[in-house]
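Once you've looked at the hints, dock chain B against the given chain A.
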Amino acid sequence: MARSNKPIVWGPFAAGGTLTAFLSPALILLTLLAALGHAPDLFAYDRLHALAGHWLARLALAGVVFLSLWSAAHRLRITCYDLGVRADTLVASVVYVVALAGTGGAVLYLARI
Amino acid sequence: MGERTVEFEVLRYNPEKDAAPHFQRYSVKCREEWVVLDALNHIKESVDPTLSYRWSCHMAVCGSCGMMVNGEPKLACKSFLRDYPGLIRVEPLRHFPVERDLVTVIDDFVAKLARVKPFLIPQPGAAQAGTGEYAQTPAQLKRYKQFTLCINCMLCYAACPEYGLIPEYIGPAVIALGHRWNEDSRDGGRAQRQEELAATNGVWDCSFVGACSEVCPEHVDPAAAIQQVKIKSTIDWYTEHLMPWLNK
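Just so you know, the protein sequences line up as chains A and B, in that order. Counted from 1, the first sequence has number 99 at position 99 by the numbering used here; the numbering is strictly sequential. Counted from 1, the second sequence has number 1115 at position 115 by the numbering used here; the numbering is strictly sequential.
Chain A extracted, bound-state conformation (with noise of 0.2 Å):
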């Protein structure tokens, strides 16, 4: 039997997992106190501004945002085939071009910072 490629979609699944455990929580957090504006000085939206200028900024913000993507979209394609949708190629199709779109236009908003 022949070793399979699933690490291509299953390593920035898990490695997107990992990342939305630890950061997710803090992300809705901050950005919920800095919209009501109680965030701390360091959060100001003039300073978070400015470091997402910063060229280390946008690629890890890229990052982030299409590990969160990409691993919310195995995980529902994951699903919908437990669940009994037996089409795994499309809604492998669908999902992963989902995340594939916001990475994209994550990545178009932030090179116009």
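Some clues are possibly wrong.
Calculated cross-link-like contacts (lysine-lysine; reagent style PhoX-like; alpha-carbon spacing at most 25 Å) [to be verified]:
(1) A:K6 to B:K1112
(2) A:K6 to B:K1117
(3) B:K1145 to B:K1078
(4) B:K1017 to B:K1044
(5) B:K1232 to B:K1112
(6) B:K1232 to B:K1117
(7) B:K1232 to A:K6
(8) B:K1145 to B:K1232
(9) B:K1044 to B:K1078
Keep in mind that the hints were calculated from the coordinates and are not lab data.
Below, chain B alone, put in the same frame as chain A:
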């Protein structure tokens, strides 16, 4: 030591006589401290000698008496009657063909287990010169010890929805046992086992439901073994395809 009458509904199937499996009711006086296996033994000895089931050790070591108790995969010798207040329904392990009554056909599991070579394939040079002994530190032992506790009871196969969906899936216990030898510092057989473990019907059929670890009577945590094999196989794949200069 009280006694109470317990209602059992046991799946019966005799392929020579029955067109299809059916349930048979037994109402038996049981002692409060009995396990389901005690009740089955009592039924076989004094009520119905035709009842067939596997058992051996009566102490959760041999892995023979796996069966569905009220719909959950359990060792009959570890399922206390006091935990089941009402009717107790006993069926053969899910996902396996029934041979007779509670006895299942386990050929699929046994064949898959052999494929991952669950034995020591000695690492050249790992033995100490002169004595031929294989020294191992407590830390090296700890890496795989948990996975040695598997008793091949197949409860994880009955619990795994993926094994139910994909009969070719190699399954939780087999992966845990292959991983057990891969993690052993004395062993050098990982490349051979990866041909099975890293295949599509190896770890990649698993969607990390985790039911295997929940039902495991020995707390082997096969789901952890599967996740570890997935990570290592992914690192293998990336080094092999993206960093060819690292390949020997």
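Results of checking the hints against the structure:
| no. | hint | in the structure |
| --- | --- | --- |
| 1 | A:K6 to B:K1112 | holds, 21 Å |
| 2 | A:K6 to B:K1117 | holds, 23 Å |
| 3 | B:K1145 to B:K1078 | holds, 22 Å |
| 4 | B:K1017 to B:K1044 | holds, 19 Å |
| 5 | B:K1232 to B:K1112 | holds, 21 Å |
| 6 | B:K1232 to B:K1117 | holds, 18 Å |
| 7 | B:K1232 to A:K6 | holds, 13 Å |
| 8 | B:K1145 to B:K1232 | holds, 18 Å |
| 9 | B:K1044 to B:K1078 | holds, 19 Å |
Going through the hint list in order, the structure satisfies each hint without exception.
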